[in-house]
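Heads up: the protein sequence lines correspond to chains A and B, in order. Numbering of the first sequence is given in the working numbering, commencing with residue 1 and proceeding in unit increments. Numbering of the second sequence is given in the working numbering, commencing with residue 131 and proceeding in unit increments.
Worth double-checking, as some hints may not be accurate.
Derived CB-CB ranges, DEER-like [what the hints assert, rightly or not]:
(1) A:ARG47 to B:GLU245: 15 to 25 Å
(2) A:LEU8 to B:TYR258: 28 to 38 Å
(3) B:SER187 to A:LEU8: 31 to 41 Å
(4) A:GLU115 to B:GLU246: 33 to 43 Å
(5) A:ARG56 to B:GLU173: 25 to 35 Å
(6) A:ARG73 to B:GLU139: 15 to 25 Å
(7) B:HIS228 to A:PRO124: 13 to 23 Å
(8) B:VAL250 to A:ALA5: 21 to 31 Å
(9) A:ALA40 to B:GLU255: 19 to 29 Å
(10) A:ASP84 to B:GLU255: 22 to 32 Å
(11) B:THR178 to A:ARG56: 31 to 41 Å
Covered, in the sense of this in silico footprint (three residues per stretch, anywhere, with C-beta under 8 Å from a C-beta of chain B), are these stretches of chain A [what the hints assert, rightly or not]:
(12) 28-42
(13) 49-59
(14) 66-78
(15) 89-103
(16) 107-116
Below, computed lysine to aspartate or glutamate pairings styled on DMTMM-like, alpha-carbon distance capped at 20 Å [stated by the list, open to error]:
(17) B:LYS219 to A:GLU116
(18) A:LYS89 to B:ASP133
(19) B:LYS219 to A:ASP3
(20) A:LYS89 to A:ASP16
(21) A:LYS89 to B:GLU246
(22) B:LYS219 to B:ASP133
(23) B:LYS219 to A:GLU30
Everything labelled a hint here was simulated from the structure, so no lab data went into it. Even for Gly, the Cβ is constructed at its ideal location relative to N, Cα and C.
There are 2 protein chains.
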Amino acid sequence: MIDPAPALEALAFNSDGLVAAIAQQHDTGEVLMMAWMDRAAVEETLRTGRVCYYSRSRGKLWRKGETSGQSQRLIEFLVDCDGDTVLLKVEQLGVACHTGHRACFFRSLGAAGLEEIAPVVVPPETLYGQ
Amino acid sequence: MIDPAPALEALAFNSDGLVAAIAQQHDTGEVLMMAWMDRAAVEETLRTGRVCYYSRSRGKLWRKGETSGQSQRLIEFLVDCDGDTVLLKVEQLGVACHTGHRACFFRSLGAAGLEEIAPVVVPPETLYGQ
Numbered sequence: 001m002i003d004p005a006p007a008l009e010a011l012a013f014n015s016d017g018l019v020a021a022i023a024q025q026h027d028t029g030e031v032l033m034m035a036w037m038d039r040a041a042v043e044e045t046l047r048t049g050r051v052c053y054y055s056r057s058r059g060k061l062w063r064k065g066e067t068s069g070q071s072q073r074l075i076e077f078l079v080d081c082d083g084d085t086v087l088l089k090v091e092q093l094g095v096a097c098h099t100g101h102r103a104c105f106f107r108s109l110g111a112a113g114l115e116e117i118a119p120v121v122v123p124p125e126t127l128y129g130q
Numbered sequence: 131m132i133d134p135a136p137a138l139e140a141l142a143f144n145s146d147g148l149v150a151a152i153a154q155q156h157d158t159g160e161v162l163m164m165a166w167m168d169r170a171a172v173e174e175t176l177r178t179g180r181v182c183y184y185s186r187s188r189g190k191l192w193r194k195g196e197t198s199g200q201s202q203r204l205i206e207f208l209v210d211c212d213g214d215t216v217l218l219k220v221e222q223l224g225v226a227c228h229t230g231h232r233a234c235f236f237r238s239l240g241a242a243g244l245e246e247i248a249p250v251v252v253p254p255e256t257l258y259g260q
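Could you build all of it, start to finish, from the sequences and the hints given here?
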């Protein structure tokens, strides 16, 4: 457990009470996803070492992996220069993306348009038990 | 020059007409900064190969490096699963952060609070000619 107070002091939550959060696999450097955190999500993440976001669509805390099992263990918590974005270095269990891709950034723009550059690792129906 | 049309079709601009943009140094994997792009910034970036953001504080296009000289050359343009965030793999000239640090994420939370884990590479007064 890390004391969240110094981070909370440095963070500049926006008018919705949120900061942007980028998750990066700590050892490979792969950028996995971008989501949002409110104050409670930051506190819970630092208290438990398990990454928790705030889901804007559901309007509540989103404990990453609580449904899919694909959780993120926090390795390092970094704050940017103006405090409105955090970089979470994590150990991603399984896949980060709800599509079953390892990372959400699996489409790359090339001469032929947007191309999928990474495979589906886990079928989404497996992730969500349909 | 890359045709921006497939990217623009896939992007889900928010109510302010923006998508989040994460810049990552293409070879080291270092996450440099997070900023925003509007449609025009995406078009200009893909047309010129030089990264252009939208500055929310100034309310206009922000050609990264136009004042500081610390520009970003686009290497790869990736779109996330729901189209509201892009990942820009770039070649960063000099430093990405206005503080003179290489990246904006130079503060890490540890037992003793937030600690600067990276040096100022270029003094800010040099960057902005003060």
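We went through each hint and held it up to the structure:
no., hint, verdict
1, A:ARG47 to B:GLU245: 15 to 25 Å, "20 Å, holds"
2, A:LEU8 to B:TYR258: 28 to 38 Å, "30 Å, holds"
3, B:SER187 to A:LEU8: 31 to 41 Å, "23 Å, violated"
4, A:GLU115 to B:GLU246: 33 to 43 Å, "39 Å, holds"
5, A:ARG56 to B:GLU173: 25 to 35 Å, "27 Å, holds"
6, A:ARG73 to B:GLU139: 15 to 25 Å, "36 Å, violated"
7, B:HIS228 to A:PRO124: 13 to 23 Å, "40 Å, violated"
8, B:VAL250 to A:ALA5: 21 to 31 Å, "26 Å, holds"
9, A:ALA40 to B:GLU255: 19 to 29 Å, "39 Å, violated"
10, A:ASP84 to B:GLU255: 22 to 32 Å, "24 Å, holds"
11, B:THR178 to A:ARG56: 31 to 41 Å, "32 Å, holds"
12, 28-42, "holds (count 6)"
13, 49-59, "violated (count 0)"
14, 66-78, "holds (count 3)"
15, 89-103, "holds (count 4)"
16, 107-116, "holds (count 7)"
17, B:LYS219 to A:GLU116, "16 Å, holds"
18, A:LYS89 to B:ASP133, "33 Å, violated"
19, B:LYS219 to A:ASP3, "33 Å, violated"
20, A:LYS89 to A:ASP16, "24 Å, violated"
21, A:LYS89 to B:GLU246, "16 Å, holds"
22, B:LYS219 to B:ASP133, "17 Å, holds"
23, B:LYS219 to A:GLU30, "11 Å, holds"
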